[in-house]
Each structure stands twice: as C-alpha cells, then as structure tokens.
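The listed protein sequences derive, respectively, from chains C and R. Position 99 of the first sequence, counting from 1, maps to 99 under the working numbering, and the rest follow consecutively. Position 36 of the second sequence, counting from 1, maps to 278 under the working numbering, and the rest follow consecutively.
In silico DSBU-like links for lysine-lysine, alpha-carbon gap of 35 Å or less:
(1) C/K143 to R/K502
(2) C/K78 to C/K143
(3) C/K224 to R/K502
Honestly, the hints are just simulated from the structure, not real lab data.
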Amino acid sequence: MSGEAAVLARGLTRRFGDFTAVESLDLEVAGGEIFGFLGANGAGKTTAIRMLCGLLPPSGGEAWVAGCRVGRDTGALKRRIGYMSQRFSLYEDLTVLENLEFFGGVYGLGRAELAARADELLPRLGLDAERGRLTGSLPLGYKQRLSLGCALAHRPRVLFLDEPTGGVDPVARRGFWDLIYEQAAGGVTVFVTTHYMDEAEYCGRVSIMVQGRIVALDTPSGLKARTGGADMQDVFLRLVDA
Amino acid sequence: MNAADGMSGAAIRVEGLRKSYGERTAVRGLDLAVAPGRICGLIGPDGAGKTTTMRVICGLLRPDAGVARVLGRDSAREPRAVREHLGYMPQRFSLYPDLTVAENLRFFADLFGVPASERVRREAELMEFSRLGPFRKRRAGQLSGGMKQKLALSCTLIHTPEVLVLDEPTTGVDPVSRREFWRILRELAGRGLALLVSTPYMDEAGLCDEVVLMHEGRAIARGTPDEVAAAFPRRLLEVRGAGLPAALARLTASPLPGVKVHRYGDRLHVVHDDAAQADEVARLLAGAGVELHPVAPGIEDAFVELMTAPAGGEATP
Numbered sequence: 001m002s003g004e005a006a007v008l009a010r011g012l013t014r015r016f017g018d019f020t021a022v023e024s025l026d027l028e029v030a031g032g033e034i035f036g037f038l039g040a041n042g043a044g045k046t047t048a049i050r051m052l053c054g055l056l057p058p059s060g061g062e063a064w065v066a067g068c069r070v071g072r073d074t075g076a077l078k079r080r081i082g083y084m085s086q087r088f089s090l091y092e093d094l095t096v097l098e099n100l101e102f103f104g105g106v107y108g109l110g111r112a113e114l115a116a117r118a119d120e121l122l123p124r125l126g127l128d129a130e131r132g133r134l135t136g137s138l139p140l141g142y143k144q145r146l147s148l149g150c151a152l153a154h155r156p157r158v159l160f161l162d163e164p165t166g167g168v169d170p171v172a173r174r175g176f177w178d179l180i181y182e183q184a185a186g187g188v189t190v191f192v193t194t195h196y197m198d199e200a201e202y203c204g205r206v207s208i209m210v211q212g213r214i215v216a217l218d219t220p221s222g223l224k225a226r227t228g229g230a231d232m233q234d235v236f237l238r239l240v241d242a
Numbered sequence: 243m244n245a246a247d248g249m250s251g252a253a254i255r256v257e258g259l260r261k262s263y264g265e266r267t268a269v270r271g272l273d274l275a276v277a278p279g280r281i282c283g284l285i286g287p288d289g290a291g292k293t294t295t296m297r298v299i300c301g302l303l304r305p306d307a308g309v310a311r312v313l314g315r316d317s318a319r320e321p322r323a324v325r326e327h328l329g330y331m332p333q334r335f336s337l338y339p340d341l342t343v344a345e346n347l348r349f350f351a352d353l354f355g356v357p358a359s360e361r362v363r364r365e366a367e368l369m370e371f372s373r374l375g376p377f378r379k380r381r382a383g384q385l386s387g388g389m390k391q392k393l394a395l396s397c398t399l400i401h402t403p404e405v406l407v408l409d410e411p412t413t414g415v416d417p418v419s420r421r422e423f424w425r426i427l428r429e430l431a432g433r434g435l436a437l438l439v440s441t442p443y444m445d446e447a448g449l450c451d452e453v454v455l456m457h458e459g460r461a462i463a464r465g466t467p468d469e470v471a472a473a474f475p476r477r478l479l480e481v482r483g484a485g486l487p488a489a490l491a492r493l494t495a496s497p498l499p500g501v502k503v504h505r506y507g508d509r510l511h512v513v514h515d516d517a518a519q520a521d522e523v524a525r526l527l528a529g530a531g532v533e534l535h536p537v538a539p540g541i542e543d544a545f546v547e548l549m550t551a552p553a554g555g556e557a558t559p
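Given the sequences, and given the hints that come with them, work out the whole structure.
Dropping the structure here:
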C-alpha cells in the first residue's frame with residue numbers, strides 16, 4: 001500500500017454492459033478522517049462502496065483499503081472493515097446482545113473477547129439497559145445504533161456507512177454522529193454517504209459524485225468558498241443540478 | 243363532495259384522537275386540522291405516533307377514542323367513502339418493480355375504478371406533471387429513488403383525490419429530487435388539495451404552511467414554521483471558525499450550568515438563557531480561534547429543545 005492512506009482509489013471503474021456506473025474514481029482518505037461521499041440517487045455511490053468493500057470486482061483501476069489491495073486480499077480486507085447500510089440486517093428475533101455476539105462471531109471473535117467487547121460497546125451505544133430486549137421491538141433509532149455496534153464489533157480500521165441515518169429524527173441523528181466522532185477520534189476512518197446536507201458539514205472532507213464521476217472534493221468550507229453556496233445544501237444543488 | 247366540513251373549512255379534521263396497541267399508547271389525545279390548499283407537516287421522532295395518526299385518517303385503523311374526518315366524513319364509519327377522495331402514500335409504497343411506469347399507473351387506475359375514458363387523460367396529465375413521460379416504458383424497478391417516489395405519488399393521485407396523506411415520502415431521496423418532489427406538492431396545494439406530510443428532514447418542515455411537532459403521541463408545538471421556531475424559549479449563540487474543535491473541547495471539559503452545546507454542521511449552537519451566561523461562554527472561548535454571534539433559532543433548534551426538555555404542556559405560539 002502506498003503511504004498512510006486508509007482508502008486509496010486510482011482510476012477505479014465499474015461498467016455494467018454499456019453503462020458506466022463508476023468512472024475512473026480517484027480518492028485518498030487518511031486514517032481517522034471522516035469522509036463524506038455524496039451524490040444524487042443513482043450517481044454510483046453504492047457501486048463504488050461495494051467495490052471498496054470487496055463485494056464487487058472493478059472493471060478497471062485499483063484500490064487499497066486498510067492496507068489491503070482490493071480484489072486480492074479479500075479475506076484480510078473483510079476483517080479490517082466494517083459496513084453498515086441503510087437496510088441494515090439485524091436479526092429481529094434475537095436480543096440486542098445476541099445480535100452483537102452473532103456479528104462479532106462471524107468475524108472470528110472468541111467467547112471471552114465477545115463478552116468483553118459487548119461490555120465495552122453497549123454502554124457507549126446507550127444500549128446497555130436493552131441488552132436482553134428483542135431487537136424487533138426496538139425503535140428505529142436504537143436499531144441504527146445496534147447496527148453500528150455490529151459493524152464495530154471486530155474493531156475495524158475503516159468503517160463504511162451507507163446512508164446510516166435515513167428516516168431518523170434530528171435528536172437521534174445527533175446522538176449517532178457523537179458515536180461517529182468518538183470512533184474517528186479513536187483512529188477509525190469513517191467513509192459515509194448521506195442525503196442530509198447538515199451531516200455533510202460534520203465531515204472533514206466531502207466528495208460530490210454526478211453520473212459516476214467525482215465533480216468536487218474538498219472541505220465543506222472549501223466547497224462553499226468555491227461555489228459561493230451558503231451551506232452544503234446550496235453547494236450540492238449548485239453542483240449536482242448544474 | 244363538498245371540499246370542506248362546513249363548520250371549519252377543514253378537509254382533514256382530527257379531534258381527541260387516542261389509539262393504543264395493547265400496553266403501548268401510540269396517540270394520546272391529538273387534534274389536527276388541514277384546510278384545502280394547505281400543506282401540514284407532521285414532525286416527530288420515530289414512535290411519536292405519526293404513522294398511526296395517518297392510518298386512522300385513512301380509515302385503516304379504528305381509534306380507541308376521538309374522531310378523524312375527511313371532507314366531513316368519519317374515517318372509521320365510512321372508510322370507503324373517505325378513500326374515494328383520499329390518496330395515501332405509506333412509507334413503503336408497493337410499486338410493481340417488473341411492471342413499467344405506465345403499467346403501474348394503469349394497475350392503480352383499475353384498482354380505484356377510474357373509468358377507461360378518463361384513465362388515458364389522467365395518465366397523460368400525471369406523466370406531464372411528474373415529468374416521468376420519457377420513462378413511461380421503463381420498469382419501475384429500474385428507476386432511481388427520486389423517480390420511484392414520483393411514480394408512487396402519481397399512483398396515489400390516479401383517482402384525483404382532494405386529500406393527500408404522505409408518510410415520509412422523501413426518506414432516502416437526494417436533495418435535488420427532494421426539491422423537485424416538493425415543487426410538485428406545492429403545485430398540488432395550489433390546485434386546492436389538502437396535504438398532510440410527515441418528514442424527518444427539518445428543511446422540509448420549513449416548506450409546510452403549518453407544522454405539528456409530535457412527541458409520545460401528543461402535539462407539543464404547532465404553528466407556521468416561523469412560529470414554531472419562535473416558540474424556542476431560550477437564546478442561541480452561534481460559534482464558528484477554525485478553532486471549532488478547541489472550542490468544543492473547552493465547552494465539554496468545563497460545562498457551564500444550564501448551558502447546552504449542539505454541534506450543528508460546521509458550527510456550534512450554544513443554548514443559554516441570559517446575558518450573564520453568554521458572557522461566561524465568551525470568556526471560556528476567548529483565544530480559541532472562534533467567533534460568537536447571537537442567532538435566531540431555526541425549527542431544528544426548537545425541535546431538539548422541545549424533544550429533549552422534560553415533558554410539559556403544548557407550546558402554543
């Protein structure tokens with residue numbers, strides 16, 4: 001892997017037949033950075049994330065994530081990354097603790113390690129009092145925090161969050177972002193997509209994707225200065241709806 | 243049918259609505275009215291009772307107490323009559339992914355008994371209106387998120403309802419598509435429809451004529467977006483600048499009594515009550531590389547404050 005980048009993509013491309021979903025993506029995200037990966041529906045964000053997570057082979061270009069060459073060191077890659085999508089798949093008929101133990105177990109954590117990790121994570125997620133509760137009976141905001149916990153159980157170095165806060169109210173979203181900051185402060189790299197433009201402001205840097213290409217990549221304040229947008233909502237509308 | 247319920251001119255009127263599911267109370271005494279040509283936003287956290295309220299209005303759930311009327315008709319007693327004049331878009335609207343855009347519309351036209359003579363004209367109108375015309379032969383499963391929502395809305399409108407109930411229609415939709423969707427909603431209101439819309443996006447709350455903030459089954463604030471924002475009972479200092487992380491660290495390390503700090507995009511909002519507290523904040527942040535300005539609260543500030551404050555009565559501006 002070159003340098004210290006936690007995520008590095010060079011000319012990463014994915015075609016589906018005649019359609020190019022991701023066209024020559026170049027990115028470099030540092031360890032501990034919170035990187036916002038923005039774009040309209042259908043711009044190619046999820047395809048790019050699926051490639052970076054080793055779930056979809058690229059048609060061209062190359063990428064390194066958490067020190068692993070994507071497409072080559074797949075096993076090691078999966079142990080070093082965490083992934084949470086908007087349609088998170090928790091087991092509704094397992095308890096909170098059982099879900100956490102299940103996902104940690106899948107990543108090869110032993111019994112003692114699982115118990116210690118659960119004791120550490122559940123209070124931080126604000127879920128300690130709910131550890132014995134059936135997941136299906138939890139409000140959406142709690143499920144979202146548990147889902148984050150499951151993605152973090154094996155101590156990943158890079159965390160991919162694909163619209164993690166969709167449909168959640170502002171109070172729950174603030175709580176969720178406090179957890180994300182905590183992870184980043186602990187050295188975890190966070191790669192996040194969102195349609196909430198106030199959350200884009202929480203990111204150190206953001207990229208904006210339009211039809212498979214990155215059209216802008218900078219800090220939120222840099223993008224505002226460049227486009228003359230008053231806030232990220234305004235920046236997004238100017239760049240995407242141009 | 244008359245577009246109003248006579249006495250009040252409301253197209254949707256909810257009075258004293260209560261609904262429980264076993265032990266759990268979803269709605270505990272809600273009043274609500276939406277006039278023709280108006281957009282009312284139903285705002286609140288997950289579990290506040292928004293979806294239950296909408297289902298009662300649509301005649302899909304019977305209330306334990308109270309009444310919901312649509313165009314003067316009781317939704318619980320005359321659900322069929324109500325639904326003839328009402329369009330409901332639930333959170334997970336079921337489009338048929340392997341039918342085309344046009345076929346989905348035709349399916350819903352048949353379902354609502356739209357006469358064949360009228361159907362063609364109505365379909366053309368909705369295609370034009372939603373700008374889905376160029377995609378009429380595309381399968382619904384192949385549409386982008388924003389286009390799917392516009393198709394779902396078009397299906398909801400196929401029988402020319404006078405009242406629309408939309409449950410989080412733009413969740414997961416990007417800002418450009420959301421703006422387009424709200425342009426359509428405003429146009430519908432301009433044609434005299436009454437709209438009740440729930441949303442988790444606070445910028446959309448600002449696009450409504452009236453908002454009702456719901457929490458634990460009750461309305462805790464209501465009014466125009468400006469009125470609800472103005473109901474925020476405390477003062478706000480906005481903190482901006484390169485030293486933001488340092489400022490946040492200082493505020494967290496030495497919390498001032500009665501002062502709350504919220505991260506708000508690239509700035510902090512410091513919630514306080516008087517000039518003495520503002521001076522203390524300024525002293526604490528001196529030399530941190532930030533600027534402090536008093537700002538007027540927005541609807542999100544009001545929402546967060548009301549939602550995290552100890553339970554109280556309804557704040558009526």
